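Visitor: For reference, the chains in residue letters:
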Amino acid sequence: MIDLHRERVLAAAAALRRLVDRPLKFMEVCGTHTVSIYRSGLRALFPEGLSLISGPGCPVCVTAQEEIDSLLRLSEMKDIILATYGDMLRVPGSSTSLAEARAHGASVRVVLSAADALRLARETPNRTVVFAGVGFETTAPATAAVILQASRENVRNFAVLNLHKTVPAVLETLGADPELSLDGFLLPGHVSTILGLTPYLPLPEKHGLACVVAGFEPDQIMAGIALLVLQKKRGIPAVQSAYPEAVRPTGNRQAKRLLETVFEEADSIWRGLGKIPRSGLKLQEAFSAYDARVRFGISDLPAREPAGCRCGDVLAGRIQPFGCPLFANRCTPETPVGPCMVSSEGSCSAAYRYGRGDRF
Amino acid sequence: MKPISLSQGSGGRQSQRLVGAILEATGTKPDLPLEDCALLGEGLAMTIDGYTVSPLTFPGGHIGKLAVCGTVNDLACRGARPLFLALSIIAEEGFDENELLGYLGDAAGICSRIGLRIVTGDTKVVPKGQLDGLILTTCGIGKSTRAAPLGIPSIQEGDSLLLTGPIGLHGATIAALRYGLESEGLVSDCAPLWETIEPLLAFDGLRAMRDCTRGGLATVLCEWAEASGLGMEIDESAVLVPSPVASVCDLLGFDPFHLACEGCMLLAVSPEETRPVLEALRASRYGKDAAIIGIVTENHPGWVTLNTRFGGSRILDMPVGEILPRIC
Amino acid sequence: MCLAVPHTLVEITGPCTAIGRAGTIEVEIRTDLIENASPGDRVLVHAGFAIERLQPEEASEIEALWEEIRALSGAVQHD
Chain A
84 MIDLHRERVL
94 AAAAALRRLV
104 DRPLKFMEVC
114 GTHTVSIYRS
124 GLRALFPEGL
134 SLISGPGCPV
144 CVTAQEEIDS
154 LLRLSEMKDI
164 ILATYGDMLR
174 VPGSSTSLAE
184 ARAHGASVRV
194 VLSAADALRL
204 ARETPNRTVV
214 FAGVGFETTA
224 PATAAVILQA
234 SRENVRNFAV
244 LNLHKTVPAV
254 LETLGADPEL
264 SLDGFLLPGH
274 VSTILGLTPY
284 LPLPEKHGLA
294 CVVAGFEPDQ
304 IMAGIALLVL
314 QKKRGIPAVQ
324 SAYPEAVRPT
334 GNRQAKRLLE
344 TVFEEADSIW
354 RGLGKIPRSG
364 LKLQEAFSAY
374 DARVRFGISD
384 LPAREPAGCR
394 CGDVLAGRIQ
404 PFGCPLFANR
414 CTPETPVGPC
424 MVSSEGSCSA
434 AYRYGRGDRF
Chain B
601 MKPISLSQGS
611 GGRQSQRLVG
621 AILEATGTKP
631 DLPLEDCALL
641 GEGLAMTIDG
651 YTVSPLTFPG
661 GHIGKLAVCG
671 TVNDLACRGA
681 RPLFLALSII
691 AEEGFDENEL
701 LGYLGDAAGI
711 CSRIGLRIVT
721 GDTKVVPKGQ
731 LDGLILTTCG
741 IGKSTRAAPL
751 GIPSIQEGDS
761 LLLTGPIGLH
771 GATIAALRYG
781 LESEGLVSDC
791 APLWETIEPL
801 LAFDGLRAMR
811 DCTRGGLATV
821 LCEWAEASGL
831 GMEIDESAVL
841 VPSPVASVCD
851 LLGFDPFHLA
861 CEGCMLLAVS
871 PEETRPVLEA
881 LRASRYGKDA
891 AIIGIVTENH
901 PGWVTLNTRF
911 GGSRILDMPV
921 GEILPRIC
Chain C
412 MCLAVPHTLV
422 EITGPCTAIG
432 RAGTIEVEIR
442 TDLIENASPG
452 DRVLVHAGFA
462 IERLQPEEAS
472 EIEALWEEIR
482 ALSGAVQHD
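Protein chains in written order, with our numbering: chain A, 84 to 443; chain B, 601 to 928; chain C, 412 to 490.
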C-alpha cells in the first residue's frame with residue numbers, strides 16, 4: 084500500500100533536486116515547522132544549495148529575559164497560583180525557572196488551555212490565578228476570550244501576565260536585514276489562520292521576498308518549500324498559501340475582533356532583536372483589572388542574559404544552533420543555558436534532539 | 601540545599617545524573633553498564649523498584665499489578681526465573697484498607713500464576729499528608745540457568761532489534777488520566793512477561809532484553825547505543841503505535857517513543873535466530889504484535905537513528921525530564 | 412508556535428463550548444473563535460480553542476498543486 088504522504092514528500096524532494104540550481108536561503112518562522120521538519124527527517128531530503136534556517140518562531144524563546152523574570156517573581160508571591168502552558172515550565176530566567184520555583188514550594192500548574200486557568204480560579208477562590216499569556220496570534224485570541232469571560236462573569240481572582248507578541252513586524256525587520264539576505268519565508272500556518280495573508284504583503288512588495296504559508300504535515304511543508312523555490316525561479320515573489328484548508332485570505336474575523344476588543348498593538352522586546360515597534364500586544368486599559376502587571380505592580384526589571392548565551396543570534400538567524408559555542412556542551416536540554424534549548428520548539432532544542440545526526 | 605526536581609525521577613538523562621551522584625556518594629561500583637537487575641553470580645539475579653504511580657488505578661491495572669509485573673519483567677530481562685519477592689508497603693494515614701488489600705490480592709494472584717513466592721514484607725503507615733496515598737516497593741530474586749549472560753555487552757553489530765508489542769500504551773493511559781482526556785480503547789499494557797520470555801532463553805542468539813518503562817523505547821535504545829558504543833537504526837514504520845496512543849500524543853504534543861510501556865520489551869537477537877525468536881514471540885500471549893524494528897550497526901556509534909515514515913531520517917534521543925504537554 | 416489538531420464537533424454544549432473528537436479522544440473545546448459552530452464541523456483546535464473550520468473543498472486545489480510538483484519531479488505517472 085502506498086502511503087500518500089510519503090509519496091508526496093519524496094516527489095517534492097525529487098522536484099527540489101531538479102529545481103534548486105543555485106544557493107537559496109529561506110527562513111522558516113514557526114517553531115512548529117522547525118520541529119516538524121526535524122522530526123520527519125526532511126532535512127536529509129533537501130538538495131545541496133537549499134538552506135532552511137530557523138527564525139524567531141518560538142514564542143517562549145523570544146520572550147525577553149526581563150519578562151520571564153517578571154513571571155517568576157509572580158510565581159513566588161503568596162496566594163498566587165501561576166497557571167502556564169507546559170512550554171514555559173523549564174525556561175530559565177536570570178536566577179531560576181518555574182520548575183525550580185515549584186520545587187521550592189511555589190504553586191505552579193500546567194494547563195492545556197487558558198479556559199482551564201479561569202476554571203482553576205473558580206475552583207480556588209482563596210488564591211489568585213495568574214495565567215502566563217504567551218504565544219503569537221494563534222494563541223492570543225484564546226487569552227482575549229478568557230479575559231472577556233472573566234470580566235462578564237466578574238471573576239475577581241484571575242489575572243493574565245500578558246506576554247503575547249505578533250509576527251508580521253518581525254518578518255519585515257528580518258526581511259530587510261542585508262546581512263541575513265533571505266530569499267523568502269516559509270510562513271506560519273496557524274498564525275496565518277488568524278491573520279490571513281494581507282499582513283505579509285509588504286514582504287514581497289517592498290523586499291522582493293518569496294512567501295508561502297504552509298501547513299505542518301511533512302508533505303504540506305515540502306509543498307510550501309517547492310512553491311518558494313518556484314517563486315524565486317519565476318522571479319515573481321508573492322504571498323501564496325499552500326494551506327487553503329485552514330487559511331482564508333482574510334483570516335479569522337471573529338478571532339481578530341476579539342483581539343481588537345481586549346488588546347492593542349504595542350512595541351515589544353524580542354530576545355536577540357531588541358525592541359521592535361508594533362510587534363506585541365498589550366491589554367487595553369478597560370481590562371487593567373485582569374492585567375497582572377497592574378494588579379501586582381510588576382514592571383520588567385533590566386535583566387542580563389546568561390554569559391555566553393547566543394540565543395538571540397540563533398533566533399535572528401545570524402547563527403545556526405551548531406554555531407553557538409555552548410551548544411551540546413555547556414548547553415544541553417537537561418542543563419539549558421538559554422530558552423532556545425529548553426523550549427520544545429526552540430531551534431537549539433530541535434537541533435539537539437533530532438538534528439545532531441546531520442553530522443554523520 | 602539542592603532540591604531534587606521532579607524531572608530527576610522521570611527517567612532519561614536527568615535521572616542518570618542523580619543515579620550517578622548516588623553511586624558516587626555510596627561508593628558503589630556496580631557492574632557496568634548499569635542494568636535494572638543485577639546478576640549476583642551462581643545464576644542469581646536481584647532487582648528492586650519503587651512504585652509511586654498516580655493515579656493508583658488506571659485502565660488495565662493498578663499499583664499492585666504494576667509493582668509485580670515490573671519486578672517480574674526486570675528479572676526476565678536478565679533471563680532469570682522469578683522466584684522470591686519481598687514487598688514493602690508504605691501507606692498514608694487514612695488510606696482505605698480494603699483498597700490496599702484489593703491491590704495486594706491481585707498482585708498475589710499474578711505471583712502465584714507464575715510461581716513467584718512472596719516471602720517477606722514490611723508495612724508502614726505515615727501521617728496524613730506525608731505521602732500521596734501509597735508507595736509499594738518490590739525486591740525480586742530470580743535464578744537464571746542460561747550460560748551466556750543477557751545484557752548490553754553481548755550486543756553485536758548486525759543484531760536485529762525486536763519489539764514484543766506496540767508502544768506507549770501505559771504512558772499514554774497515565775497521561776490521559778492526568779490531563780483529563782478520555783481516549784477510547786486506551787488501556788495500559790501492564791503485563792508479566794516471564795512466560796513470553798522463557799521460551800526465548802533457549803536461543804543462544806538472544807543477546808539482551810529490556811522492558812521499555814520510564815522514558816519509553818527511545819531511552820532503552822539510547823542507553824544501549826551509548827553503553828555498547830554501537831549504532832542503532834530504527835525503521836519508524838515498523839514500530840506499532842496504537843491509535844489511542846497516537847491521539848493522546850497529538851493532543852498533548854508527546855512523542856510515543858518517549859512514553860512508558862509496562863508490557864513491552866526490546867530485544868537484540870543475532871541475525872540467524874531472528875526469525876525463530878520472532879515466531880516464538882508471535883505464538884505467545886503478549887507477543888502477538890512482535891516485530892523487527894531495526895538493526896544494530898557500526899555506523900554512527902553511540903547514536904540511534906530513525907528512518908522516518910516519510911522517507912527521511914533523523915536521530916532519536918531520550919526525553920529530558922518530565923514529559924510536559926505543549927501548545928507551541 | 413502553533414500545535415493544532417483537527418477535531419470533529421460532536422455536540423454543541425453551550426454558546427462557547429462543544430465536545431470535539433480527535434482520533435479516539437473526545438474533549439471539551441471552546442468555540443468563541445468560530446461562528447455558528449455545529450455538530451459535524453471539522454475544526455482546527457489549538458490550546459483548547461477551535462481557531463478555524465477546515466475546508467474540505469480546498470482538496471482539489473491541493474491535488475492540483477501536487478500534480479504540478481509530481482510533474483516537476485519527473486515522476487512517471489501510473490494510471
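Because the hints were derived from the structure by calculation, they are not lab data. What you are looking at is a predicted structure, and each value in this text was computed from that prediction instead of being measured. Note that beta-carbon positions come from the ideal geometry of N, C-alpha and C, so glycine has one too. You may find that some hints are simply not true.
Said to hold, decoys possible - When the alpha-carbon atoms are kept at most 20 Å apart in a straight line, the in silico EDC-like pairs for lysine to aspartate or glutamate are as follows:
no., chain 1, residue 1, chain 2, residue 2
1, A, Lys315, A, Asp383
2, B, Lys602, A, Glu417
3, A, Lys289, A, Glu343
4, A, Lys316, C, Glu479
5, A, Lys339, C, Glu446
6, B, Lys602, A, Glu183
7, A, Lys316, C, Glu446
8, B, Lys728, B, Glu757
9, B, Lys888, B, Glu782
10, A, Lys315, C, Glu446
11, A, Lys365, A, Glu388
12, B, Lys602, A, Glu159
Stated by the list, open to error - Some chain B residues judged to face chain A by a derived CB distance under 7 Å, without partners named:
no., residue
13, Ser610
14, Arg613
15, Pro766
16, Glu826
17, Arg914
18, Ile915
19, Val920
20, Leu924
21, Arg926
22, Cys928
Visitor: With 7 Å as the cut and Cβ atoms as the points, is B:Leu924 at the interface with chain A?
Guide: holds, 3 Å
Visitor: Below or equal to 20 Å on CA atoms is what counts here, so check B:Lys602 against A:Glu183.
Guide: holds, 10 Å
Visitor: Given a cut of 7 Å on the nearest C-beta pair, is the interface hint for B:Cys928 held or broken against chain A?
Guide: holds, 5 Å
Visitor: Quick one, are A:Lys289 and A:Glu343 close enough, alpha carbons at most 20 Å?
Guide: violated, 27 Å
Visitor: Go through the hint on B:Ile915 and say holds or violated, using the shortest Cβ distance to chain A against 7 Å.
Guide: holds, 4 Å
Visitor: A closest beta-carbon separation below 7 Å is what the hint needs, so does B:Val920 meet it against chain A?
Guide: holds, 4 Å
Visitor: When you check the alpha-carbon spacing of A:Lys315 and C:Glu446, does it fall within 20 Å?
Guide: Roughly 38 Å separates the two Cα atoms, so the pair is violated.
Visitor: Is A:Lys365 within 20 Å of A:Glu388, Cα to Cα?
Guide: violated, 24 Å
Visitor: Hint check: is the beta carbon of B:Arg926 less than 7 Å from a beta carbon of chain A?
Guide: holds, 5 Å
Visitor: For the restraint on B:Ser610, tell me whether the closest CB of chain A is nearer than 7 Å.
Guide: violated, 11 Å
Visitor: Taking the closest Cβ pair, is B:Arg914 under 7 Å from chain A?
Guide: With Cβ-Cβ at 4 Å, under 7 Å, it holds.
Visitor: Between B:Lys602 and A:Glu159, is the straight-line Cα distance small enough, at 20 Å or below?
Guide: holds, 18 Å
The structure does not agree with the numbered hints 1, 3, 7, 8, 9, 10, 11, 13, 15 and 16 stated previously, though it agrees with the rest.
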